[in-house]
Amino acid sequence: MTVMSAREFTRDLKKARELASEGPVFVFDEGKQAGVWISPEEYELLLKRCLKNSERLSRHGGAVEDFEPVILDDSILRPAEFD
0 MTVMSAREFT
10 RDLKKARELA
20 SEGPVFVFDE
30 GKQAGVWISP
40 EEYELLLKRC
50 LKNSERLSRH
60 GGAVEDFEPV
70 ILDDSILRPA
80 EFD
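In numbering that gives the first Met the number 0, the protein residues as written are 0 to 82.
Hint data in this document are derived by calculation from the structure and do not stem from the laboratory. Just so we're clear, the structure is a prediction, and the values are computed from it rather than from any experiment. You may find that some hints are simply not true.
Here are the simulated distance ranges between beta carbons [said to hold, decoys possible]:
# : residue 1 : residue 2 : range
1 : Arg6      : Lys47     : 31 to 39 Å
2 : Lys51     : Leu12     : 26 to 34 Å
3 : Thr9      : Lys51     : 30 to 38 Å
4 : Leu45     : Ser4      : 21 to 29 Å
5 : Lys51     : Glu29     : 30 to 38 Å
6 : Arg6      : Ile37     : 19 to 27 Å
Just so it is clear, CB atoms sit at the ideal spot from N, CA and C, and this is done for glycine as well.
Model the full structure from these sequences, guided by the hints.
Below is the structure:
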């Protein structure tokens, strides 16, 4: 994971582009995430994955409303115990 400040990103877009070929570049402005720069290849992979997911939903009638999430309660969530 590569992190750049917004100022560094603005000054050296070429460097950001090169770093994005190795993985996502997270851009922060005043300590807050301002964006993520990814390569065109990574973008295409994400787009294909999204399209595949939408195809799966459409095959099943798009029945997203039938989805029932697991309710997380204290029996599932508890602090880790270390010996």
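*What are the numbers of the hints that this structure violates, sorted from low to high?*
Failing hints: none at all.
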